[in-house]
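Number of protein chains: 2
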Amino acid sequence: MALRTGDHSQAATNGLKEKVLTLDTMNPCVQKVEYAVRGPIVLRALELEQELRQGVKKPFTEVIRANIGDAQAMGQTPITFLRQVLALCVHPDLLNSPDFPDDAKRRAERILQACGGHSLGAYSISSGTQLIREDVARYIERRDGGIPADPNNIFLSTGASDAIVTLLKLLVAGEGRTRTGVLIPIPQYPLYSAALAELNAVQVDYYLDEERAWALDVAELRRALLQARDHCRPRALCIINPGNPTGQVQTRECIEAVIRFAFEEGLFLLADEVYQDNVYAEGSQFYSFKKVLTEMGPPYTARQELASFHSVSKGYMGECGFRGGYVEVVNMDAAVQQQMQKLRSVRLCPPTPGQVLLDVAVSPPAPSDPSFAQFQAERRAVLAELAAKAKLTEQVFNEAPGIRCNPVQGAMYSFPRVQLPPRAVQRAQELGLAPDMFFCLRLLEETGICVVPGSGFGQREGTYHFRMTILPPMEKLRPLLETLSQFHAKFTREYS
Amino acid sequence: MALRTGDHSQAATNGLKEKVLTLDTMNPCVQKVEYAVRGPIVLRALELEQELRQGVKKPFTEVIRANIGDAQAMGQTPITFLRQVLALCVHPDLLNSPDFPDDAKRRAERILQACGGHSLGAYSISSGTQLIREDVARYIERRDGGIPADPNNIFLSTGASDAIVTLLKLLVAGEGRTRTGVLIPIPQYPLYSAALAELNAVQVDYYLDEERAWALDVAELRRALLQARDHCRPRALCIINPGNPTGQVQTRECIEAVIRFAFEEGLFLLADEVYQDNVYAEGSQFYSFKKVLTEMGPPYTARQELASFHSVSKGYMGECGFRGGYVEVVNMDAAVQQQMQKLRSVRLCPPTPGQVLLDVAVSPPAPSDPSFAQFQAERRAVLAELAAKAKLTEQVFNEAPGIRCNPVQGAMYSFPRVQLPPRAVQRAQELGLAPDMFFCLRLLEETGICVVPGSGFGQREGTYHFRMTILPPMEKLRPLLETLSQFHAKFTREYS
Ligand SMILES: Cc1ncc(COP(=O)(O)O)c(C=O)c1O
Ligand SMILES: Cc1ncc(COP(=O)(O)O)c(C=O)c1O
Numbered sequence: 001m002a003l004r005t006g007d008h009s010q011a012a013t014n015g016l017k018e019k020v021l022t023l024d025t026m027n028p029c030v031q032k033v034e035y036a037v038r039g040p041i042v043l044r045a046l047e048l049e050q051e052l053r054q055g056v057k058k059p060f061t062e063v064i065r066a067n068i069g070d071a072q073a074m075g076q077t078p079i080t081f082l083r084q085v086l087a088l089c090v091h092p093d094l095l096n097s098p099d100f101p102d103d104a105k106r107r108a109e110r111i112l113q114a115c116g117g118h119s120l121g122a123y124s125i126s127s128g129t130q131l132i133r134e135d136v137a138r139y140i141e142r143r144d145g146g147i148p149a150d151p152n153n154i155f156l157s158t159g160a161s162d163a164i165v166t167l168l169k170l171l172v173a174g175e176g177r178t179r180t181g182v183l184i185p186i187p188q189y190p191l192y193s194a195a196l197a198e199l200n201a202v203q204v205d206y207y208l209d210e211e212r213a214w215a216l217d218v219a220e221l222r223r224a225l226l227q228a229r230d231h232c233r234p235r236a237l238c239i240i241n242p243g244n245p246t247g248q249v250q251t252r253e254c255i256e257a258v259i260r261f262a263f264e265e266g267l268f269l270l271a272d273e274v275y276q277d278n279v280y281a282e283g284s285q286f287y288s289f290k291k292v293l294t295e296m297g298p299p300y301t302a303r304q305e306l307a308s309f310h311s312v313s314k315g316y317m318g319e320c321g322f323r324g325g326y327v328e329v330v331n332m333d334a335a336v337q338q339q340m341q342k343l344r345s346v347r348l349c350p351p352t353p354g355q356v357l358l359d360v361a362v363s364p365p366a367p368s369d370p371s372f373a374q375f376q377a378e379r380r381a382v383l384a385e386l387a388a389k390a391k392l393t394e395q396v397f398n399e400a401p402g403i404r405c406n407p408v409q410g411a412m413y414s415f416p417r418v419q420l421p422p423r424a425v426q427r428a429q430e431l432g433l434a435p436d437m438f439f440c441l442r443l444l445e446e447t448g449i450c451v452v453p454g455s456g457f458g459q460r461e462g463t464y465h466f467r468m469t470i471l472p473p474m475e476k477l478r479p480l481l482e483t484l485s486q487f488h489a490k491f492t493r494e495y496s
Numbered sequence: 001m002a003l004r005t006g007d008h009s010q011a012a013t014n015g016l017k018e019k020v021l022t023l024d025t026m027n028p029c030v031q032k033v034e035y036a037v038r039g040p041i042v043l044r045a046l047e048l049e050q051e052l053r054q055g056v057k058k059p060f061t062e063v064i065r066a067n068i069g070d071a072q073a074m075g076q077t078p079i080t081f082l083r084q085v086l087a088l089c090v091h092p093d094l095l096n097s098p099d100f101p102d103d104a105k106r107r108a109e110r111i112l113q114a115c116g117g118h119s120l121g122a123y124s125i126s127s128g129t130q131l132i133r134e135d136v137a138r139y140i141e142r143r144d145g146g147i148p149a150d151p152n153n154i155f156l157s158t159g160a161s162d163a164i165v166t167l168l169k170l171l172v173a174g175e176g177r178t179r180t181g182v183l184i185p186i187p188q189y190p191l192y193s194a195a196l197a198e199l200n201a202v203q204v205d206y207y208l209d210e211e212r213a214w215a216l217d218v219a220e221l222r223r224a225l226l227q228a229r230d231h232c233r234p235r236a237l238c239i240i241n242p243g244n245p246t247g248q249v250q251t252r253e254c255i256e257a258v259i260r261f262a263f264e265e266g267l268f269l270l271a272d273e274v275y276q277d278n279v280y281a282e283g284s285q286f287y288s289f290k291k292v293l294t295e296m297g298p299p300y301t302a303r304q305e306l307a308s309f310h311s312v313s314k315g316y317m318g319e320c321g322f323r324g325g326y327v328e329v330v331n332m333d334a335a336v337q338q339q340m341q342k343l344r345s346v347r348l349c350p351p352t353p354g355q356v357l358l359d360v361a362v363s364p365p366a367p368s369d370p371s372f373a374q375f376q377a378e379r380r381a382v383l384a385e386l387a388a389k390a391k392l393t394e395q396v397f398n399e400a401p402g403i404r405c406n407p408v409q410g411a412m413y414s415f416p417r418v419q420l421p422p423r424a425v426q427r428a429q430e431l432g433l434a435p436d437m438f439f440c441l442r443l444l445e446e447t448g449i450c451v452v453p454g455s456g457f458g459q460r461e462g463t464y465h466f467r468m469t470i471l472p473p474m475e476k477l478r479p480l481l482e483t484l485s486q487f488h489a490k491f492t493r494e495y496s
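Just so you know, the sequences run in chain order A and B.
Those letters in the first sequence? Residues 1 to 496, by the UniProt record's numbering.
Those letters in the second sequence? Residues 1 to 496, by the UniProt record's numbering.
For reference, chain A alone in the conformation it holds in the complex (with noise of 0.2 Å):
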């Protein structure tokens, strides 16, 4: 021991210590991780306007950031309501002040009762405010047609990444063959394969059917299963309804076969549906796993284990900076669940501006209310803008030679299909990129928009995509559609 203590000591005095925290010394598990959606192609997005700022000349004026399901930074104006009761809790002298309904006075003042100390500058308690899960219980019983929800088992979470990670967290157990797997789309959400990476648990993929607008086919599900039970123990499958990137709305049928599946399986189901209000398409309609589960009766009602996840940065409300969002979990474990909120303890609480959003966007106001008109009318207005907006890149994309694109049922997301000629495939590879990530560059590089490759979100061998976000204003969305269109057949004829 001394001797070793001396060995520092001595490189120490040579000054030829290297570093402690290396790529060499760190978590390996860290090092896997990947999260396309803000990856390689976002900081040379940065480095662009940068470089527009300082005067550079481009073939484009700014950087369309089409990469990120980010409504705000897109120009999409906050909901009224949600900031005037949110404004009010972070600084109640406001109580007094005429410029603000009094309904939105009520709904503060009602909170800040709630809160510690009558404020947001107290830590709630680690689910969350009481007051506020209750709430949120009662939408879900509403959204649900009446099936009963219980404020104990809902957990409010910085976002829903938080959320979704914990519960993960959860179900992560064993070693070699006994490694908890986890089945998830492909496509899928980045989020996903970046915990478990993380998480050292293992990815089991399944493939959603982009021919049947990217339908999930429980024949596909079992597939992934069998194989995976080769090499881990799969324990929990992951939806997410409306689909990102894929923009699909799952039928009742479809979900009722995956709970079944699940069920007969085996596996915790985890129900990603932060975009249960984004639903554009005629004859789409959302369903939650809670609600299908429970209608289906025994023995699925009171057995199979669920948690569905929301967030406020989705939706009309659009809130990603305020990091609200909650899960609620169902037939879950009750010992497991005290480990859940024992788990949720030592990082404190989620953030209370978070938890007040989340507060109104599940309560919003009550036709009597003098809010109520503003408030629906702005809502109406941002998610018949979204539906449009959806429409019309479906159609664009659909007219141009080489692009495919499934309908957008729902979420915030077109993810086509673009044919890539087989010489830029292979100038792709003598670069060290995907070909879609090649794409997705030059695009950058020669229109300024900011795509994400489907490389970073998983796709068929020998396929290539592209996300992009229905966010950009009206005006915006039709040129960038359009220029976008026409780089992939310059694109094409270059390498053809």
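Hints are not guaranteed to be accurate.
One copy or two, it doesn't matter: identical chains are merged, so the pair holds either way.
List of simulated lysine-lysine pairs, BS3-like, C-alpha gap at most 25 Å [as the list claims (entries may be wrong)]:
no. : residue 1 : residue 2
1   : K391      : K105
2   : K32       : K19
3   : K342      : K169
4   : K169      : K490
5   : K57       : K490
6   : K17       : K169
7   : K19       : K291
8   : K490      : K58
9   : K476      : K490
10  : K342      : K476
11  : K32       : K169
12  : K57       : K476
13  : K17       : K476
14  : K19       : K342
15  : K58       : K476
16  : K105      : K342
17  : K391      : K476
The set of hints was computed from the structure by calculation and includes no laboratory data.
All of these numbers come straight from a predicted model, not from anything done at the bench.
With chain A held as given, fit chain B with the ligands onto it using these hints.
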């Protein structure tokens, strides 16, 4: 495989299915996590509050939560300027209101300019808004007498907790005897033990010296390190200064000795400096590890790896609920720092309101600003009252036989040692409780005072303590301290 599937279905039909996620199958590391600050004693406090509300008769009329460092929950009023700026950012219509001072408006406009879509509702970049990191860097430079700070080394976080866990996560590697060991003080803030348990790293205890006002002694660090090297690979050293739960403020000489030790032994330094504004004792002063490290010159300055944490939850701000904080990394390997950036991007961004409060806290009004006088007065009042309460706590406890309390030089807690009679220890053991947990539970039941047993933070075998915050308002604190002292006397008589 087919058979296994069949088995499952069979079990399903018979309704014999076990849950997927149970104590037996869940993440074993999560089960090992403990977090006393919100443990069983706090759950009991919640129950008692509910009983009081339901009219159940108790020997007290209210539960006093002296268990958690949550100033506003204990009635501290927020600093007006912080909340004004935040309200303006949340609801920019207020920029037209005559009720807000000009400097608050300018500040809010400046922050909004730096936000995506000029709104707090957009995700910020993952490391936090550039402008705010620049302001943090300037704050650090002022604090440290001009030593440069680089915004690129600053990562904003969801409270300091989030940043601390991130750093620990990066450091975790190895298995068996090569597992990462992390030295933490005993007594400690239990986030550290909880995070290490969750990450499956080895907790290496070094004891603070109660006889010397909880000073940190390098000989004890060395003892702990050498002993740990037999079974793990110690790679990091955590220091909490000013201390939680112990309230000591380290001397400059002590910090120098710690840095020399860390350097010689190849340890990454984690300096938890969230109480840097909370120094009360005459003769005590806060020195940041970064300042001391830099002033020590080579080889330390350009080599010793360090992360320093700060938070808006503590200081004079007490804005716990907003979850704002940051870490500055010093001499971190560039590739590791990129990995850290990537890891943090998966969670998208720290909550924007916490970022705003942090910005105001690190760049308060200047003497020429209209809000300067009020801001300074409010800040001083908070810190002066805390100082008075620190003094009072030490004084009253030390008048009580069987209680010994070190000076509360800084932070927000006293951690007095209590003598417990052997028969009380025995009784506790019969009940399966730590003796100080038994004491604290009885205290809670009979007086409504909620404090945390020393066993939740760690203490030398055979010694007993509790942690009590100094946060209750002055008019409550004195009777509280007296009630507690009297209860201890009574408890001692009862078991003698
Ligand atoms: C499918 C899905 N789940 C979860 C999230 C996480 O969102 P947040 O953490 O902002 O709530 C996102 C964000 O884009 C998402 O698309
Ligand atoms: C020593 C210490 N570090 C870190 C924290 C975390 O605080 P937060 O996450 O609220 O910034 C606390 C909270 O009490 C603390 O006492």
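Worksheet item: Which of the numbered hints are not met once you compare them with the structure shown?
Response: Hints 1, 4, 10, 13 and 16 not satisfied by this model.
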